[in-house]
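Asks: With chain P fixed as given, assemble chains W, L and U with the ligands onto it according to the hints.
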Amino acid sequence: MTTDRDDTDQPLRLRIPEPARGQHAPDRVRYISAAGEMQKPALDEKVERVALMRKQLVRVLDDEGRAVGDWAPDISVDEKRRGLRNMMLVRSYDARLLRAHRQGKTSFYMQSLGEEAIACGQQQALLPGDMHFPTYRQQGLLISADYPLVTMMNQVLSNEHDPLHGRQLPVMYSSKAHGFFTISGNLATQYIQAVGWAMASALRGGTEIAAAWIGEGATAESDFHAALVFASTYQAPVILNIVNNHWAISTPEDFARGASATFADRGYGFSIPAIRVDGNDYLAVYAASQWAAERARKNLGPTLIEWITLRVGAHSTSDDPSVYRPPEETEQFPLGDPIQRLRQHLEFLDEWDEERHVALQAEVDTQVNEAFAEADSHGSVKTGDVGSARTMFDDVFAELPRHLREQRDRVEELS
Amino acid sequence: MTTDRDDTDQPLRLRIPEPARGQHAPDRVRYISAAGEMQKPALDEKVERVALMRKQLVRVLDDEGRAVGDWAPDISVDEKRRGLRNMMLVRSYDARLLRAHRQGKTSFYMQSLGEEAIACGQQQALLPGDMHFPTYRQQGLLISADYPLVTMMNQVLSNEHDPLHGRQLPVMYSSKAHGFFTISGNLATQYIQAVGWAMASALRGGTEIAAAWIGEGATAESDFHAALVFASTYQAPVILNIVNNHWAISTPEDFARGASATFADRGYGFSIPAIRVDGNDYLAVYAASQWAAERARKNLGPTLIEWITLRVGAHSTSDDPSVYRPPEETEQFPLGDPIQRLRQHLEFLDEWDEERHVALQAEVDTQVNEAFAEADSHGSVKTGDVGSARTMFDDVFAELPRHLREQRDRVEELS
Amino acid sequence: MTAMTMIEAIRDAHMVAMESDDRVVVFGEDVGYFGGVFRCTQGLQERFGDHRCFDSPISEAGIVGAAVGMAAYGLRPCVEIQFADYVYPAYDQIVSEAARVRHRSAGDFSAPIVVRMPTGGGIFGGQTHSQSPEALFTHVSGLKTVVVSNPHDAKGLLIAAIEDDDPVVFLEPKRVYNGPFDGHHDRPIVPWSKHPLGDVPDGHYSIEIGKARVHREGSDLTVLAYGTLVHVAQAAAEEQGIDAEVIDLRTLVPLDVDAIVESVEKTGRCLVVHEATLTSGFGAELCAVVQERCLFHLEAPIRRVCGWDTPYPHAHEWSYFPGPDRVGRAMRELLST
Amino acid sequence: MTAMTMIEAIRDAHMVAMESDDRVVVFGEDVGYFGGVFRCTQGLQERFGDHRCFDSPISEAGIVGAAVGMAAYGLRPCVEIQFADYVYPAYDQIVSEAARVRHRSAGDFSAPIVVRMPTGGGIFGGQTHSQSPEALFTHVSGLKTVVVSNPHDAKGLLIAAIEDDDPVVFLEPKRVYNGPFDGHHDRPIVPWSKHPLGDVPDGHYSIEIGKARVHREGSDLTVLAYGTLVHVAQAAAEEQGIDAEVIDLRTLVPLDVDAIVESVEKTGRCLVVHEATLTSGFGAELCAVVQERCLFHLEAPIRRVCGWDTPYPHAHEWSYFPGPDRVGRAMRELLST
Ligand SMILES: Cc1ncc(C[n+]2csc(CCOP(=O)(O)OP(=O)(O)O)c2C)c(N)n1
Ligand SMILES: Cc1ncc(C[n+]2csc(CCOP(=O)(O)OP(=O)(O)O)c2C)c(N)n1
Ligand SMILES: [Mg+2]
Ligand SMILES: [Mg+2]
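Chains as they are written, first to last, in numbering that gives the first Met the number 0: chain P, 0 to 414; chain W, 0 to 414; chain L, 0 to 336; chain U, 0 to 336.
In isolation and in its complexed conformation, chain P is listed as follows:
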């Protein structure tokens, strides 16, 4: 050991990232490429070459609503209209349930306002049999897979028709049949599970792939690392989605990202091809998801996608962002609104117009309202229409063991 400290040693000082409010420009999207600017690499392009795109942003829709460049996906107008409809349905669904919360009909709700394109677009690019491991902000996956709205609402209301028997917090859906793994309240745990599921498919010589979902804030959790290690080592057929909506409750993305330029960078630490994609551009979402899915299906391994978007609303109904959030953020967000952008594109193609849009809006609102009326007719946790407390003891194990039988008997005695 050298024995002396230099007298001129400067005192160290920690870097604490700034809070977002007041310190950052409310437009905090780094590295925006123009629509069509980025090339689309071959499915088996060398990871080093894909890495050159780490500070770019895959974008397809330009300001006029044109779909431009390599990444413009080859999908029919009907499919695009379907995407528009799905997104509008998600938004209408969210609005209705947020209102239900305000009306005191549910204990909790989480919307995905502004982020609808990501889940809807990726679902459209995958196949039945594939499995998503979602967070609480991917209701678009279920809605785009035609999971009945009323069933979702029953879950949110925790009423007697809730397929989860009121066990889970609202929005913690589960539907194997719709490729939607049961949501955990614990952040990041699902990421490595998705990799495990994909590994299983590959171990068995299956053809199904998995999609893992995480928020940018939760990438700091350790299970994110486990997922990247396993995905990289075993080259699992999985899409690793990071939804960067710039916020983790009150914490700006900087705390999780640290000194990195982007979250896509995380992939390169593991030689996992990683791209940044405009998450408010439905066509870019579809194209990037499709590319990643194709890589997985061709046994070319995992792909990481950082989706750039904005959490437009509060974190949840328990949150009040006015304390920590720059008020003008939504207007200044440079990637716009995903529904408007896809609408503009369809209008540009002359496949859509104001009239049809208004009609569709009315149609989805009616669909949502009818579904809600039905769900609401079954009551909710707030009205006490929650089914039997007996059900609490089911499914702890496949078969009810004696101690739970005794406890269940006791509940019945009491009520």
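Per the computed footprint, the stretches of chain W lying under chain L, defined by three or more beta-carbons under 8 Å from a beta-carbon of chain L, are: (1) 170-182; (2) 193-203; (3) 209-222; (4) 387-397.
Anything over 10 Å on all C-beta distances counts as not near chain U; from chain P, calculated: (5) Thr316; (6) Gln366; (7) Arg407.
Simulated from the structure, these hints should not be mistaken for laboratory data. This one's a predicted model, so the numbers in the text were calculated from it and none came from an experiment. The C-beta atom is built at its ideal place from N, Cα and C for all residues, glycine as well.
Replies: The following block gives chains W, L and U with the ligands in isolation, referenced to the frame of chain P:
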């Protein structure tokens, strides 16, 4: 969701890395640069530019024993001789304690054969007051800091003079005064602690830096991720050492590294400057450590260093590598032996010769043997000279609470 | 004295501790700029600057691991886990590291950290915002475990925990943050301002870790409780007209065995209550201790009224929660044995 | 029947389970090519290929997390944690995920995984190769916890665990891998080949999870034990000339309450033994259950002989370990109360 699966879908298949034995060439070092080939970046060089070196290897000593290139450190011949002596002491120490294990004098031992340069060289580059968070293979840190050999041996023998009162498995040393954090048996936990310690120094405006140590296999553990996240976010003054000795018990490095080219890559996922260094080249170790320490002291943040070396011996005395390891690996290892290489350099400088070497070997062996004789005279766990069982209850808490006092009384009744 | 909610009392404890010792640093998810999702650290960053109170990445392992390292440096980190349900990623750092550092280094290093976390249910939080994992810490040697039930104790015990030289797991039942909830979820909320334990001394004071408190004196039976259940037990006793002695344990490790034995020897009957699942809950340890020390004073088996051995449900929260009816019924049964 | 060590019996159980169900996959640190540091999976990769048995990165969280995902796909992963002391990084995946998936999805998904791990001390492993964390799993609803004590049971229970539709934590006391260790560390090692429970049936058989086994019949007192302590209790009884009934619980959750109650009602005295630290150990739950169900049959307080509330020490291993002297002495004291 697209509704059909393509009939031509190929069944997926998992990539399972090959076991080392018989499948890989026994020489598995990737990307070897020539001595002196790599440039030394400025302390505050852009991380992207440092990243260009991720598939290179910092080397100073060439095949003739010359110190060449940018990285050749400016240290005196005396310091070099001191390094040689420290490494020889470590090797002699290891050999003696391995023998002690064979003689049935200790329950367990772990040597660092072939890896001596890394701990010895880094210790020489740091200052008193800095803190290492080591694994079980950095005995070189303590020996280079002049921690008494006999105290170390008492710990290994778990005898009455063991400063840790026989509580810990042999080799799990602790010495705050020598900048050596108490070793944990749980892999990777110390990595984030080192970052926390460094953060504390910076929070307090201190000047001390921390050094975190981990084996390449343990980088798969989640705490490694936590450390990188915190180091990157807060720009903590810490050196993040990864000792890549190619083995994690029976598992080749490939399982932890996955598809990445190098472990240094992990740093780039966090924009942490990361370099690969020839860990068997004492001068390269010193120079790289010094560079990283300087960066930390100048508040330029963390540096990750992947040290390339080889675990020449078994994992521990509980391990028999003949089952899983290519027999010719050590001979074919391209980076040679760290002691021989520094010796050759000193001889090249005409500052060393066979005679002096033999004398030094005798001197260190004597020092080790004398220390061992002294330690051995205090007995060991095997002879039952382990001090009082009372001590087991101390230090569970700062003060002995009542339930432990009662339990201690009970032990005394029994004996 | 100032009337405070438990949140305000916890905030005040931080203020006092940070004021008197500049080695105290506070961090965790959303605790810095925002002041925590329950606002327990509100105002600290503004007052002490972002080198004393700051936000962290979402990594419980990182938070506790970094705190252990900081403590080794000489600081006194007091960190927040956003919900006790999310402490598991940090479990290894707590049990294998914080709890072990002093012992394994023979006092060379130590880990005087406080790990605070809101615990328990009653807020319709579902299975991941309602758990009470205290038993999982009490089994680990080297940890102290505190569960608070009111503003007065919360402040005094948090100051004591921060000043303690050992790691302390500090559990704050979120259902009593704003008032002394007695389990009657269908009645109006009672605020702390209406309760004597909402009167909090100003400035510095501390309550000894390891000392229970007799919350209600009585002679018919002893209830061993902590956290929210202290208030539930009191309500049950009053509603049943049973002269129960309610002990608020406050600290689970070290446990105030004397207070327990004294009460049970007096009453001859013992009821153990907690919100955590029954099997291997801390109530089991209490049963073991009581029967070991007081068997020949017991006129009836010790009963446990606890959460069922299921995950904490959302809609059936009140069927899960050991409320005053269940507790009261057990009291009656206990007296009739 | 073949005479086997417990290691061989575990290996055999894997072989049988993998042979009969190709959804069974086995992975973990060093378990593939090398066959595990205790060699419990030796030969599996060679026989079934590297898509059925393979090495993993050193990430317990990753191992269990991936297993949960694989189970959701439809596989039956049986994974190894190298030492029980290293399970904590996986604790979140076990308690928040594996244990919860079925309940929270109302049976839509499930997690039929087995998490095997060598447990316990007696091999001079120091604090990180000696722990017995079973209590930490028994508190978690949705998990089954098995601790084996001999080759015969190990094979039958491991096959049952792999075939079970729920997650099973499977603890293998490493000190009885090679012989029925009775705590006399200073005597020559007795191999399983000399013990009737070392005789292992060939081929497929399973032992019901949730059923205890009377290891030794007796009438003076009941010893509730599992794992290594079964043999220690037997030795203590024989050395003391006490007619103790030794129950090998085998499964902690679900617990065979009938077997316990039947024995304690017969003997009127109960001793609980385990290697894990005393406070909040599974012994506490046993005390609680026994006094709840048998109080009026008890002639003396239930006693616990357990590890002390300290980390497991290296040099003082035999002062920590609840050996036949401590167990025997407690038996005598119990009889004289
Ligand atoms: C393990 C764990 N720690 C903390 C939380 C509390 N929590 C819930 S959501 C959230 C923020 C997540 O942010 P991000 O990952 O960016 O997702 P977003 O909400 O933006 O979609 C936090 C801290 C949790 N659910 N689980
Ligand atoms: C959490 C944890 N998991 C597993 C182990 C068991 N273990 C001890 S050393 C080791 C291999 C470590 O390999 P590496 O990190 O490359 O270090 P090296 O031994 O090569 O120095 C393993 C798996 C452990 N000690 N801790
Ligand atoms: Mg976010
Ligand atoms: Mg290694």
